[in-house]
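Got chain A; can you put chains B and C on it based on the hints?
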Amino acid sequence: MSGPAPAARPAGVPANALSRYALRLGDLPLILGQRLGEWVGHAPVLEEDLGLANLALDLIGQARLLLSYAGEVEGEGRTEDDLAFLRDPGEYLNPTLVEQPNGDFGETIVRQVLVDAFQLPLYEGLMGSADKHIAAIAAKAVKETRYHLRYSSSWMVRLGDGTPESHARVQGSLNRLWRYTVEFFEEDDLDRDMAARGVAPRLANVRAAWLTSIDEILAEATLARPGEVPYSWFGKRGEHSEHLGYILSDLQYLQRAHPGARW
Amino acid sequence: MTAPIDATSGAAVSREWPLYEVFIRARGGLDHKHVGSLHATDARMAIEHARDLYTRREEGVSIWVVRSSDIAASDPQDADALFEPARDKIYRHPTFYEIPDEVKTL
Amino acid sequence: MYTQGLDVQGTDAKSGAEEAALERRFQARVDREEKIEPKDWMPERYRATLIRQISQHAHSEIVGMLPEGNWITRAPSLKRKAILIAKVQDEGGHGAYLYSAAETLGITRDQMVEQLLSGKAKYSSIFNYPTLSWADVGAIGWLVDGAAIMNQIPLCRCSYGPYARAMVRVCREESFHQRQGYDIMLELCRGSVEQKRMAQDALNRWWWPSLMMFGPPDATSIHSSDSQRWKIKRFSNDELRQKFVDFTVPQAAFLGISMPDPELRWNETEQRHEFGAIDWSEFERVLRGNGPCNGERLAARRRAWAQGAWVREAASAYAQKQRDRAESSAA
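Top to bottom, those sequences are chains A, B and C.
Here our numbering runs 8 ahead of the position in the first sequence, where the first position is 1.
Here our numbering runs 26 ahead of the position in the second sequence, where the first position is 1.
Here our numbering runs 328 ahead of the position in the third sequence, where the first position is 1.
For the record, the hints were derived by calculation from the structure and aren't laboratory data.
Heads up, a few of these hints could be off.
[Unchecked claim] Straight-line Cα separation of at most 27 Å, DSSO-like style, residue types lysine-lysine; simulated pairs:
1. B:Lys115 - C:Lys450
2. C:Lys450 - C:Lys559
3. A:Lys148 - C:Lys407
Remember, predicted model here, so these are calculated numbers, not experimental data.
Excised from the complex, chain A in its bound form:
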C-alpha cells in the first residue's frame, strides 16, 4: 500500500514517539497472531481450526499495517519485516498477556476475550485519531475485532456455562491471566503524550468500556471476576516475561540465519 501523505500526520508529533506508539499497537497483534498460529491443525474440532486461523490472519494483517506505518514514520527505511523479525526482545512493545502460552483451548479463549474486549474500544477510539493513517487502519480493524469478540465471548460463555469441568478450567485460566490486564490501562508518558495530541483515546475511557464488556460476558459465562493483584511486568515498555524469547527464536530464526535474504 502506498505511503500516507505527510498531511495525514498531526503536526508537531515527534517521529520517534509516533513510531514507537505505532509499534506498540502493532506488536500486540503480531505476537498474539504468532501464538494463535500454533493452534492450526490442533484445535478441538475442525471448524475451530478454521476459526482460530481466521483470528490469526486478521491479527497478522493488522500487525503488517501498523508495523509498516511505524517504519515509515521512523524514517530509517525499516520495513514491516525488519521490525517484525530483527528487533531484540526488549524492543518489542506488546503487552505481556499476549505472549503467554496458549495452554488449553479455554486458556486461549480467556486470553482472547480479555484482549478483544480491550482492542474493540481502543480501535473505536483510534478511529477518531488525529493521525489519519492510524484512523484508517483502526476503521478496518474495528470490523475484524467485533467479529473476534463475538467469537471469543461466545466460546467463553459455552465453556463457563458448559460442564463442571469446563467451568473449572476457564475459571482457573481467568484467575491466572487476570493480573496481566492491569498493563492495558496503566498510562505511561507515551500514552499520555499520544492522548494529549489526540492520536490515541484516553486509556481510562477504554478501561471503562472494557470492564462493562467483561462483566457482561463473565456474568453470562457464570464466571467470577478475580480480585486485583499487584502487577509490574510491562511488556508494552519492553519488559517481558520469559516466553517472548522462545517466541522470537521461532519467529526470527530464518531471517537471522540468512541475513539480507529475500523470501
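Coordinates of chains B and C only, in the frame set by chain A:
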C-alpha cells in the same frame, strides 16, 4: 470419560455435534444456494462456522443455517409421481405458443 | 435437498431381479452423465467405495495441515506467514467440504474421525514425510498440491453430485496453493547460494513421494474397473502420473533445479518424458505405517481430539441448557 447426562431425561447426551445445512446468498439479488454442511452445537455457532468455511473469498452477503434433521425432502422414490406429470404440460411454457411476427410485444 | 432424518435407502429385501433392474437403471443414469444425488438408489458397493474414497480424501486434507502447519511460526516474512496460514486454513476447509459430502452417504463425522484415529482409515501417504526446511513448504505447494490438482480436476465430473460439487470448490482454491508454493521456490532459486541449495534439497526429497501420490501402477491396481464404470475414477494412475511429470519438468527447468532422476529424458517419438523406476517398496512401507512421520501425524491428531473432548462436551452441554431454558420459559 462418561458422556454428560441430560438433567431432565437422565439419558446420555450425544456428544456428536448436530449437522447443519448451509445456504449462502453470494450477492444481493441472488437466491440463497445450498453449499454444504458443517457441525455446530447451536445456530449462532453454525453461522460463525459457515462464515469461516464458506465465505473466505467474498462469496457471501447472507448466511442461512438449518439443522439437517429439520429439512423435509421429497423422496427420490416418489420422483416419478411428483415430477413426471409436469412434463406433458408444455402449454405452461411461453415457447409453446406461436404468435405471428406482426404482433409485437407479446 | 436431503435430510439425515430420512432412512438410508429402504431396507426392504429386494428380489435378485429387482436389484438387477435397479442396478441397470442406475448404470444407465451414470452412462448418461446424470449425477447421482443422496437418497437416490445406488449399489451398496458404489456407496461403500465412495464413503471410503471421500473420507480418505478428507483425512488427507486434515493430516495435510500438519507438515505445513509446522512452519507457520517460522515463516520468514509476514506476507509468507499470512499466506501459509490461509493455505493451511483452506486445507482444513477442504477436509470439511469432503466430510460433509461423505456424510450424505450415511456415515457420520464422528465415525470417520474414529476410523482415522484408530488407524483403520488411510490418508495420502505423502503427509508422512517430514518438512525439514522452509523450501519444503514451497515444494509441497508446487508438487503435492500440483499432483492433487491433477487428481482432483477429473473428480469435478465424478458421478456423485455432492463429491463433484465439493471438488469444484476445492479445485478453485487449490490453484492458489500450487502458485504460492511455486512462488516460494522461485524466490529461493533467485536468492542466495544457500537458498538455492535449500530448494534443490527439498525437490530431491519430495519428487519421488509426489509421483507415488498417483497410486500403484495400473497393472497392479485392483480397484479400478468398477470405479471407472461408475465414473468415480476417470483416468488411470499411470495416465495422471505421466501428465504430472510432463507438466512439472519444464517448471523445474525454469527454476534451474533438477529432478533427482538420472533416467529422466524427453522421448521425442512418444512426446512424453521417460522417467526412472519408482521404489514401490518404499510406498508400501509408508502405507503400512513405517514412514518417517506416520507415528507423529496420528499422535498429533489423537492428542488434538483427546485434549479437545472437554471442549466439545462443554459446547454440547451448553446448547442443551439453552434448549432447556427456552422450553421452560415457553412453558
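Going through the hints against the structure:
The hinted pair formed by Lys115 of chain B and Lys450 of chain C fails the criterion: a straight-line CA distance of about 51 Å is larger than 27 Å. The hinted pair formed by Lys450 of chain C and Lys559 of chain C meets the criterion: a straight-line CA distance of about 22 Å does not exceed 27 Å. Distance restraint check for Lys148 of chain A and Lys407 of chain C: the Cα-Cα separation of roughly 18 Å lies within the 27 Å cut-off, and the hinted pair is therefore satisfied.
Hint compliance for this structure: hint 1 alone is broken.
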